[in-house]
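Student: From first to last, the protein sequence lines stand for chains S and X.
This note's numbering puts the first residue of the first sequence at 171, with every later residue one more than the last.
This note's numbering puts the first residue of the second sequence at -6, with every later residue one more than the last.
Be aware that one or more of the hints could be misleading.
[Unchecked claim] Rough simulated footprint, nothing fancy, chain X against chain S, three-plus residues with beta-carbon under 8 Å:
no. : stretch
1   : 249 to 256
2   : 265 to 277
3   : 286 to 294
4   : 307 to 316
Just so you know, the hints here were simulated from the structure itself, not pulled from any lab data.
Quantities reported herein were computed from a predicted structural model and do not represent experimental measurements.
Even for Gly, the Cβ is constructed at its ideal location relative to N, Cα and C.
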Amino acid sequence: MIAGALKTPIADARIQAPDTHTGDTPISPRGRLLVCDGLSKRFGAGTPALDNVTFSIDRPQLTVLLGSSGSGKTTLLRTIAGLVPLDAGRIEIAGAELTPASLARVRRRLGMVHQDFGLADRLTAAQNVMAGAAVNLAWPRLLFQAYPRGVRLRACELLAEVGFTENQANRKARELSGGQRQRVGIARALIGRPQLLLADEPVANLDPQTASGILSLMRAAVAAHGAGILCSLHQTDLACQFADRIIGLKAGRLVFDGSPAELTAETAAALFASATRDSDGGSDVSEPRQER
Amino acid sequence: MSEPEILQGRKPDAWHLKPPFDFRILVLCALAVCCLGYSAQRLDLGRLFSDVGAFFMASAGLKESSSIGEGISGLSGGMFPPVFDERTPVEYVDDLEARLARPFAHLETTATDQTSLDPGTLEIVTRQIETQVLVEPLGYLFLVLLKMLETVEIAIWATLFAVVASLPLSVLCARNYAPHLAIYAAARTFVSFLRSVPELISALFLVLAFGFGAIPGIVALALHSIGFLAKFFAEDIESADVRPQEAIAVTGAGPLAVLRLAVLPQVLPSFTALTLYILDRNVRMATVIGLVGAGGIGQELKGRFDMFQYDRVATLLLVIFLTVLLLDFLAARIRRVLL
Ligand SMILES: Nc1ncnc2c1ncn2[C@@H]1O[C@H](COP(=O)(O)OP(=O)(O)OP(=O)(O)O)[C@@H](O)[C@H]1O
Ligand SMILES: [Mg+2]
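Using the sequences and the accompanying hints, generate a full structural model.
Tutor: Next comes the structure, spelled out in structure tokens:
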């Protein structure tokens, strides 16, 4: 019951030949990687988590979503992955509109790093990574988690790239540290060679050195097969160092969109001005507190 | 500024925190106590306490006798000591040679006094009659163990069939994986129906359909176990952590992949525990449904009970108890290995 009507491509082909797009709607030459048009989302009666967010990603680049805690970064990434239904707005990924009907097909072009990792605790690190390539697996293989050789090789390579040893690769996910779990999540998102990688705070649990390493790895993925990356961060310095472009979110609204060079210290400060203290007086910008 | 933001901005000393439980729970508890009191009256539960009290007073020597005590002493007198051997008069044994060859089997001659009226003299005479009996010291125990094995086999097959049928059925019974609401409702109804028919009743009918023996027992136990397992498997599936499921789903993989890679690893320990519980329960229930002719040790138990051979009943109960104990031990080991 694997969704989508694709028969021919097996996971192998997807991994080894990333440039042959197997989807039924190939990207048109001018097709943009991601179009978000007027996205709005409100949970319950509170303030909106997303408020009329409009932007697009036109070419392979690393776009960083910058914003304080609760500004709507996770919500935005989850709506793009079709995990949160929108109140209003339209999403287009690699030329295909995101609708309930196209969801499974569009998702094949996505990779996602979840803020809370979403690993299966009782599977090993390697099994978790390979699970990211289960899309086209026939059910007997699925039942026994018998992934094609190509997938296994790629999983090992990716795990090595995010700093795992062979021993660690065979450890159960629940026995890994927070940062290790995060790196497994990143390897899993990359195994399908996504055209668009959504990464939700992929370096939140990592030390500065490892964080830089992971972001370089993700940049390398952009260069290697022309992927677009939308990555949420809350470290302004990392964003400026690695991003091609920065999108600032505050209270669900898009308040900044530009290159790292254009992000002034004041704008960054305003972005992180503690929203929850608004009622204690003082405007957004006047408080230079940065949540780092 | 909107309402929630103002609320959010209240000083910490003015924050209102949700209480851990609210008064509705207390009201519900009070209501439950009232219902229990009413039910106790209806069932005459007072007698339970007075009888048990009398029994303890009698045991402590404070009272002459108690109804429970009399019942128990009457039974335990008949049950002790349990019978392990089989003694058969030689004239009833067809294959004497073969049975004598078994370990420990031997012949014994017993002399019994027989009193009868001598038709000639019209006097009562006592004569010694010598009968040869074949004694197999562990013969009965061996028979009981064979019956127990049959019972355990019935339980294992029933559990196996139940697990195989419950796995797909539980997916249809899980709200988040049922392909359609109608299918979900139908599956739930079917499963509830299976659970609502007691094994003993379905075994009665199935014995009519299949005849005496193990097969009706297996089917009866399997049907009931499906009703139980499918329901609880489904509840585990529904309450599994959604985050790993979402992570597999965003790769574009279908529900089968999500079930296999994100749900199954999570619910497997619980599935194992439920299955082992059902196996344990099936062993015990298999003895009960033997009473209506569905094979195994229960058939033997009922026969001996009806013949007032309580010493043999004691052997049977002892074997059942030891088997349940052994299975419990094995189940604990299996659980430790799997989890
Ligand atoms: N499932 C949900 N139900 C209700 N409210 C939600 C839900 N998910 C998010 N929210 C609310 O939406 C707002 C935005 O949350 P979101 O998780 O997108 O923030 P974020 O920018 O990712 O924050 P962080 O940096 O802490 O991860 C928050 O106020 C949050 O409480
Ligand atoms: Mg977040």
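Student: Just to make sure I understand the rule, a stretch counts as covered if three or more of its residues have a C-beta closer than 8 Å to a C-beta of the chain. Does the stretch 249 to 256 of chain S meet that for chain X?
Tutor: Holds: 3 residues of the stretch 249 to 256 of chain S have a Cβ under 8 Å from chain X.
Student: Take the stretch 307 to 316 of chain S, compare each residue's beta carbon with every beta carbon of chain X, and decide whether three or more fall closer than 8 Å.
Tutor: Check passed, 5 qualifying residues.
Student: Using C-beta distances, would you say chain X covers the stretch 286 to 294 of chain S, given that this needs three or more residues below 8 Å?
Tutor: Answer holds; 8 residues pass the 8 Å Cβ test.
Student: Tell me whether the statement that chain X covers the stretch 265 to 277 of chain S is true, taking a Cβ distance below 8 Å and needing three residues at minimum.
Tutor: holds (count 4)
Of the numbered hints stated above, none is contradicted by the structure.
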